[in-house]
Structures are given as structure tokens and as C-alpha cells.
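Visitor: The lines below spell out each chain.
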Amino acid sequence: MRNFVKFGGLLAALIAGTSTAAAKDTFKVGIVTFLSGQAAQSFGVPAANGAKLLVKKLNAGEVPAPYNTPGMGGMQIEAVLIDEAGGATVQVQEYRNLVQREKVDVVIGYVGSGDCLAVAPVAEELKTFTILYDCGTPRIFEDADYQYVFRTAATATQDNVGLVRYLKALGVDIKTYAGIHQDYAWGHDSWVDFKAAMGRIYPEATVAAELFPAFGAGQYGTEISALMQRRADVIHSSLWGGDLQSFILQGLPRGLFRQAQVALSTADHVLPPLGNNMPEGVIIGARGSYGYMAPESALNTWWDAAYREAYDNVVPVQGPYRMAQALLGLKSAVEKAMKENGGVKPSSEQLSAAMTGLSWESPAGLIEMTNGKGHQAIQSIGFGRTQKDKDGNIVLGDILHFDARCVNPPADKKSIEWIEAGFPGADCD
Amino acid sequence: MNPILRTFGLAALGALVFIAIGLVVPAWFLFTMTKAVGFGLVALGLVGLLRGGLLSFGQGLYYCGGAYVSGLMANWAGVTDMIVLLSVGCIAGGLIAALVSPLVARYRGIFFAMLTMALSMVAYGVLTKIAAIGGSDGFNVPKPTLLGYHLAETGFGLYAIAVVIAALAAAVCRVHFDSGLGLIASAARENELRIEYLGASVFSVSTRSFILAGGLAGLGGTLNGVALGHVDPFFSYWTTSGEMVFIAILGGYASVTAVFGTALVTELVRSFSGQYFPESWQMLLGIFLLLVIVFLPRGVGSMWAKPAKNHAIRSIKEPAT
Amino acid sequence: MDLIFTILLDGLIYASWLFIVALGLTLVFGVLKILNFAHGGLYALGAYGAAIAVPFFAGLGMPEWFSLLAMFIAAAAVAILIAPLIERGLLRYFYGRDEVLILLITYAVFLILEDVTKMIFGVNPYYVFEPRNLLGNVEMGSLFYVGYDLALIGLAIVCGLGVWFGLNRTRIGKITLAVIKEPEVSQAMGVNIARIYLLAFGVGVFLAALGGAFTSPLISVQPGNSVSVIVVSFAVVIIGGLGSIPGAAIGALIVGIARAFAVYELPEAEIFIIYLVMVAVLIFRPEGLFTPIKARKI
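Listed in order, the protein sequences are those of chains X, V and R.
Take the first sequence: its letter number 79 is residue 79 in full-length UniProt numbering, and every next letter is one higher.
Take the second sequence: its letter number 126 is residue 126 in full-length UniProt numbering, and every next letter is one higher.
Take the third sequence: its letter number 130 is residue 130 in full-length UniProt numbering, and every next letter is one higher.
A couple of the hints might just be wrong.
[Stated by the list, open to error] For the chain R half of the interface with chain V, some residues (derived, Cβ under 10 Å), not all of them: (1) 29; (2) 64; (3) 65; (4) 66; (5) 68; (6) 97; (7) 113; (8) 134; (9) 136.
[What the hints assert, rightly or not] Derived contacts from chain V toward chain X, CB cut-off under 10 Å, selection only: (10) 142; (11) 282; (12) 284; (13) 287.
[Unchecked claim] Lysine-lysine pairs mimicking DSS-like chemistry, simulated, CA-CA at most 25 Å apart: (14) X/103 x X/127; (15) X/127 x X/390; (16) X/345 x X/28; (17) V/143 x X/127; (18) X/414 x X/52; (19) X/195 x V/143; (20) V/129 x X/195; (21) X/336 x X/373; (22) X/168 x X/413; (23) X/373 x V/129; (24) X/373 x X/127; (25) X/336 x X/28; (26) X/127 x X/388; (27) X/52 x X/390; (28) X/103 x V/143.
FYI, nobody ran anything at the bench for these hints, they're computed from the structure.
Where is the CB? At the ideal position from N, CA and C, for every residue including glycine.
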């Protein structure tokens, strides 16, 4: 029993030591993304690097207009970085810790759709302004309404609708197609969207194979054999990160990329590491107009240069771009709210009101919170196809952009119903 | 005083103390403690199995079973009362364990561990396939109520329920472990054949411990599903089961209360190292685990729950085989 | 016919990879009675080792074929550096303790290795392309296979036979077998048990690292590779019977072919086919396919 008392005392000391009040002139942002595990290299760490860089530049007021005022409405930004690893249950707890223990003002985070789904109701319960910066599932705002939760990036719907439109725009002839996706919600949802969109745009095409290797399988020899044996015209995949790189490395010498037109919905992030080992003629999506497909603007030129300068000349890909559009959206919302409340630090309610239906410029173009009752962003999306330039280096060619309203459902429609109904109201000029 | 009454009296006292503590600690800590109780309940079931010499690496299955059944009931039937949900979750966990037990109860050692793990992984695989209940993303669980009152606002209500459940479970386990049946389980750990020759059935003892552990896991799963407001197939993943084993071993099988403490400490270590060393928290967790094993090899519980003297006779170590 | 051939061949390639990794696991269990959780972490270290060694030797002007040897050197280096550290520095203090406790210790080692590896090598991927291009492509049935992948089958056979020969046909191997059966009597007869344990653990680490090294040309070497390896190799040794070398081989074959079959015919079941096989085998053979006979203790 004595030990128990000692133990209690220790805990009490631990708790007392950590509850520090947030200072008045700082704006504390919890940032949650993958720092370990599979998604660290491809999404998490680049996004965290992007966040660190942008926070530093914002604090110094070095970002081009209209973001050239220091910090957020004059407050210095203090970022608290958390690892997203461990699954939704750990994330719910860490979210509570960020809000209740670390007293952050807002939380930006979550790559995993499961994490987003689990955290959103908690954000609502704790009445804390929260930005989901990356996760793709349309379920979040289609199945529920939230006051405090926003997503500053488009859903995964546009990745696959856009991809099918891109195939059509390139004039790819498709009689059969196959899919290889990781066996979890992201993979299944991507395949469902792709199949539905194919059904509208290529109604004659049939499915030759659907494969669902386990997440992190690493070995794709069997899958590659199966894909090659079934001989589809197009192979669609939502693989990402290490799994995608392994798939490419293993499929390349076996001729997979010569036999079929491979279309990868979220592959821009493997281009910098793979470089010239990337096969030719592969269609690449980036989940937005990111990196190689970013539109020309002063903001993007600055962002690309700043990121390359800070991180060994590596091209920023979707992770840092998505983080940047979340942080810049937050800055816009904070400053809009402060204009209305007389210049004090805005409450979560004021932030929510300011963010609802907001639109702002990001390095990837205009972000508009039109869907999900003003809580869900839509944005333009770019696609490209790898090719060799005259020096023999692999570059992206055939780059096409689709307008946000061409690849995203109108505000009142559910994604899958919109696709199955033949994209009513899509504006594709 | 009747030892059973004494045990329950102590449990009631302990529950009151912890409910009082709950009134003064910050909200995040209240939540962490609630979650720790959820894990601790599963680990308590593991302690029961460990006393009988069985280690399950698949308690995630019953944890997940309880969480899914109660969560679906809350979503589909609109039942949010904690008493109903906890009972349903507990029964669901126990029932699944009862169905599985004829299959696993004759296994021992690493094979028991691996078979239970395989079963939980099959469940994980199947759950990720069922899109109607969210596939691998799982689904959200509505806010709980108790006899018509809403609980979620401060977290205190749920915490108080968790404390009561923990106290009750600990007391029931203490009484069970010290009963004739419980002692047979402990004896089975030392030498099964001898127990059989003495006329007791190791099979039925193991089955009973297994069902008890399943019920406790279902209880823990329900509590955590409701507290987190979200349930997904990860509840049944082997790393989740591994975490429970981790907590149970750290607690040791001498005590029925230690697991709740170790669950809490594990959560705190993970959370604080994740906060302050987001890039190396796994290493810190590993070092913490090593330190506990090196300095308290029989678990934290061995600090206060010393085995009775006659246990010393059998503590002569058998040679490694 | 063609389909069956392809399934078998794909399954065999996958099984070879599994076998190399599982062989080390089963050997360590057989001798030290430790189910080594850190095996996956050591596998990952082997992959990183190869990613460093291959370009290093290429930089020294070694011919291209030397990259295959460089992967062996990398695996050996991992074993020589890490095995004494873990076995002498930590595990030996826990021999004779509960198997579960030691399992937890190796789990702690795994957690530590995971972050240490990340600290040393960072999160950016490494690639080892050279070795896979050395052996050309082969047309088998209607498909192309990479010569390197087929060569892995040979490597697996060499590893298996090597360990079998080492145990059964050499003096030190026979001493090891004696230690497995009767550690105390062996010690009484003058066997230096500590040396045998270190050797067996070292060979186990070497095999884990070798598996990683020879997989590195197939994958992007980055954090997160280690976890999935652990559970599948656990499944293999459990199916085959813990501590049994032929068991690991048969277990790997069963798992490999079952998985290949699932990919072609039951893609929805691929995620849990390994566990289904494991449950099925354990129901009929409660201690795996190849079980050493044990005396009943009364």
C-alpha cells in the first residue's frame, strides 16, 4: 500500500508539472501526422517538414502576399508535433491530451481516414476547432454534421473521377481493366469510386482482376503474375508509399509497365525517391495540383523554392502541399475572425464561423470550402504521365488539370451517388 | 470477518477513493484513467489465464467482440445505457470465448498463444471486409447514458462507472482466484498431469478461465469503445492483444489491482514520450519495458501482493527444457 | 495447367523468402527457447546493411557480381555487431525464465531497434537495384520472371541445407544438438554453453539479416518494413513446429502456396489466409507439423 501512495504522489507531480497555461501572444497548433511506420516516409515526415518550415516562415512574416503578416493575426505560432501511429484509439486519446493537457488552440492533422472518423466527434465534444488536412474518405461530412471540424483538402473522390477523365482525355482505349489496392478502407473506396466512374465514362470496359494485398505486404510477385496473366488494358492502383515503390520495383523488370497502361491515383510522392528508376508511360495522380503539377503562381514559386532550400532540393509533394493549404487556410480564418471580433484571439466558435465557406489561395491554387455545409474543401487536380526527356531523365509530361467542380460532387450530393448518376452538375470547361 | 465480504468491502472503499480522486484530476487524466481501466480489465482476464499457465495473444478478439456488439447495438437499436451496453459486451466477449474454448483449451504455451492470435487475426481480416460496418475504418459509437442521464459532458460519469466496474471485476477475480477452482488453475500451471491424477479436469479449469477472460475483455472493449466513441477492426489486431499482454505481465499475476496501475502507467509513458519525443517514443517504451522486467520480473503487483509462504516450496526453478 | 504452374512457382518464390527468415527464428527457438520478436527488426537492419554495403563495394571498383557477395557481407556484419550485443548484453540474464517474459524482452528490443534504425538511417528510402539486374529475365509458362527472384529459391535451399549440415554433420553442430536436448548435462560434460548460445543466436541474426539483405533489391528500404515480417514468420514456424528445420520449410511452402492460391482465386481472403492455414494446421496437429517428442513430466 505504501508503494501505491508513492506511486500516486509521483503521478500527481507529473500531472501538475505539465499543465502550463498558454501564453496570450502565441497561437498553439497541435500537428498530428505519421512520424513512424509505413506512412512516415511518404506522407507524414514531408508534411511535418512542410509544417515546420511554413510555421517558421509565417512567424517571420516571410511568406508572400496575402500571407505576409507575421504569425496568425500577429500571434506567434507554436507547433506541437505528435506521431499519428498507433491507430484510431490512440489518436482519440492523444487528441484529448493535446486539447486538455497541452491546451492547444487548434489541431491540424490526420492522414488516416479511420483517425479522422474517430477524432471528428471528439473535436465536436471538446468544442475545439480542428482541421483534417489529408485523409480521403468522403464519409466524414457525408454521414455527419460537425460545427468545429473542417477538411481543407478534397476527398478521394476527385482522385479517381479525375483519373478516369484523364484516361479519356488522353484517348486511352480500354476494354478491360484491373485493380490492385491495399486491403483496407482506402484501397476499397478508391476501387469502388474508380469502378463507378469507369462505368459512366467507359461503359463497355470490364474488370479483369481485382487484387487486395495486405497493407505493408512488401512482396508482390504473385500479384504481378496474376495481373500479367489476366492482361488488362489498364491497371488502376491506389497503392502508396513503400508498398507502391516495392510494387513498381518488382513489376518493372517483369514487363508489367510495358504490358498495360498503369494508372496510379496517388503516386507523385514516389517520383522524387525513385527518380530515373520510375518506368515510362505511367499515369500519376497527386490528389491535387501538387508538386510537379502545381499551377504557376508567385506563392507556389516561393513555396517550391523555400521547401527545396530547406530540405536538400527535394521536390515538395502532396504531403507538404496539403499541410500548407491547411495552415494558410487557418491563417485566413484566424485573421478573418479577428477582424470581426476586434482583434483578440478568436474562440473555436469564431474560427468555425470564419472558416465556413471560406476560400483562399494556396500554392496548389484556390481552396474553396463549398461542400459539407461549408466544411469540406474542393480544389483542382492535376495528372501527368511519366516520359523521358531528351537527356534520358524521367519527367512528367501530358499534364492536365481538372477544375474543382469537374471532379467533385456539388455541395448537396453524396460522392458515390453523384458518380453513379453520371456526374450531374459537373462543370468541366 | 468473512474474507469474501472483506474483499468486496475493500473494493468498495477503493472505488470510493478513486471516484473522489476523479473529482480533482484534470479532464485529460480522467480520460486516460478510463481508458486504462478498459485495458486493465482485459489484462485482468489475462492474469486469470496466466495463473493457469496460459498466455493468450489474441484477447483482442473478445475485446473487439464486446466493442462491436455493444457499439452496433448502440447504433442500430439506439440503446445507449451503459448498464445494458456493458452487460451485452461482457456476455458477447464471454460467448465468443465459450465458442472458441473447445478449440483452444487443450493447447499450452506458445501454441495456445499463437492459436488465439491467429483466431483474432482472422476476425480482424473478416471485419475489415464488411463495408456495412465501416470496414477497416470502423464506426463511431454514440454518446453513452446511464438510467436516462447523459454521461459524456465531463467524462466524470463514465470514469465513475469504469472505477466501479474495475473494483467489481478485481473483487470477483480475487474471490475466484482464491477459491478452490482458482487454486486448481494455479496448480495446473505447475503440473497438469498431477492435477489430472488427482481427479480435477485441467480442460474444464482452462475453459472456465478462458471464458472469464473473454467476458472481462468484452467488458473492457465496450468501455473503451464507448469512451473513445469509435470502434474499428484494429481492436482485434495482434498489436492490440500484445499491448494487453504487456500490461498483464507488467502487473504480474500476484495481484488483481496491479494491472490497472500498469495500464495507466503504460498509457502515460506512451503519451508523454510521444508528446515530448515524437520521433523516438517507441524506444522509450522499449526501455521502460526492459527496466520493469529487470527490476520487477514478477510484475509490479509483486510489490504489494506477496505470495503466501507455502508458495516458496514450488519456487524452486525447474531447469529450462 | 498454366495457372497451376504459375501459382506453384509464385508460391515457391514467396516461400523461399519466408523460409530464409523463418529458419533463423526456428533455429533460435530450438537452441535458446526464445521466440525472438526482434527478428523483424534484424531483418530490416539486414536490408539497410545491404543498402549501404552494395554501393560501398561498387564505389571501391568491385565488379557488378560482387554486389551479391556484398549482401552476404552486410548480413554477416549485422550478425557480428548485433548478436553479441543482444545475446551477451541482455538475453543471457534471462535464460530459464518464463518463455513469455523473454518474448516481452525481445519485444522491447524490437521497439528499441525500430527507433535506433530510424535514427541511424533516417526515413528516406534506400534502394539497391544492382543485384536484381544481374541474373536477367526468364520466360516461364506465359510469363516473365526475374532471374534473381528464381535464384532466391536456390538461396533458400542452400541456407536450409547449410544449417542442417552444420547441425548434423559437424562437431560443433552435434554439441549444439546435445545442448538442445540436455543443457545441464552438456555443461557438466564440459560444453561451453554460453558459446553455443551465442553462436546459435548469431546464426539466427545472420539469417534474419540475410533475408532482409536479399529482399532489399525488391523493396524500398524504409521504416515500417519489419512489422509485417514478424507475424508471417511466426506463423510459418508455428505451422511447421517450433524448432524444426524441415517444419519451417514445409510451413513456408504451405503458406506460400496458400497465399498464391488466394491471390488468384480468392483475393478477398488474402489478408487472413495465413491465419486460416495456421488454425487449420493447429487443430489437427496441436504443436505444428513437425514436433520433437517430449517426455511427460509427472
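Visitor: Could you run down the list of hints and mark each one as holding or not?
Guide: Each hint tested on the structure:
{"no.": "1", "hint": "29", "result": "8 Å, holds"}
{"no.": "2", "hint": "64", "result": "37 Å, violated"}
{"no.": "3", "hint": "65", "result": "38 Å, violated"}
{"no.": "4", "hint": "66", "result": "35 Å, violated"}
{"no.": "5", "hint": "68", "result": "33 Å, violated"}
{"no.": "6", "hint": "97", "result": "7 Å, holds"}
{"no.": "7", "hint": "113", "result": "8 Å, holds"}
{"no.": "8", "hint": "134", "result": "36 Å, violated"}
{"no.": "9", "hint": "136", "result": "38 Å, violated"}
{"no.": "10", "hint": "142", "result": "9 Å, holds"}
{"no.": "11", "hint": "282", "result": "7 Å, holds"}
{"no.": "12", "hint": "284", "result": "12 Å, violated"}
{"no.": "13", "hint": "287", "result": "16 Å, violated"}
{"no.": "14", "hint": "X/103 x X/127", "result": "12 Å, holds"}
{"no.": "15", "hint": "X/127 x X/390", "result": "56 Å, violated"}
{"no.": "16", "hint": "X/345 x X/28", "result": "11 Å, holds"}
{"no.": "17", "hint": "V/143 x X/127", "result": "15 Å, holds"}
{"no.": "18", "hint": "X/414 x X/52", "result": "35 Å, violated"}
{"no.": "19", "hint": "X/195 x V/143", "result": "36 Å, violated"}
{"no.": "20", "hint": "V/129 x X/195", "result": "18 Å, holds"}
{"no.": "21", "hint": "X/336 x X/373", "result": "19 Å, holds"}
{"no.": "22", "hint": "X/168 x X/413", "result": "24 Å, holds"}
{"no.": "23", "hint": "X/373 x V/129", "result": "31 Å, violated"}
{"no.": "24", "hint": "X/373 x X/127", "result": "18 Å, holds"}
{"no.": "25", "hint": "X/336 x X/28", "result": "18 Å, holds"}
{"no.": "26", "hint": "X/127 x X/388", "result": "51 Å, violated"}
{"no.": "27", "hint": "X/52 x X/390", "result": "37 Å, violated"}
{"no.": "28", "hint": "X/103 x V/143", "result": "23 Å, holds"}
Violated hints, in rising order: 2, 3, 4, 5, 8, 9, 12, 13, 15, 18, 19, 23, 26, 27; the structure is consistent with all others.
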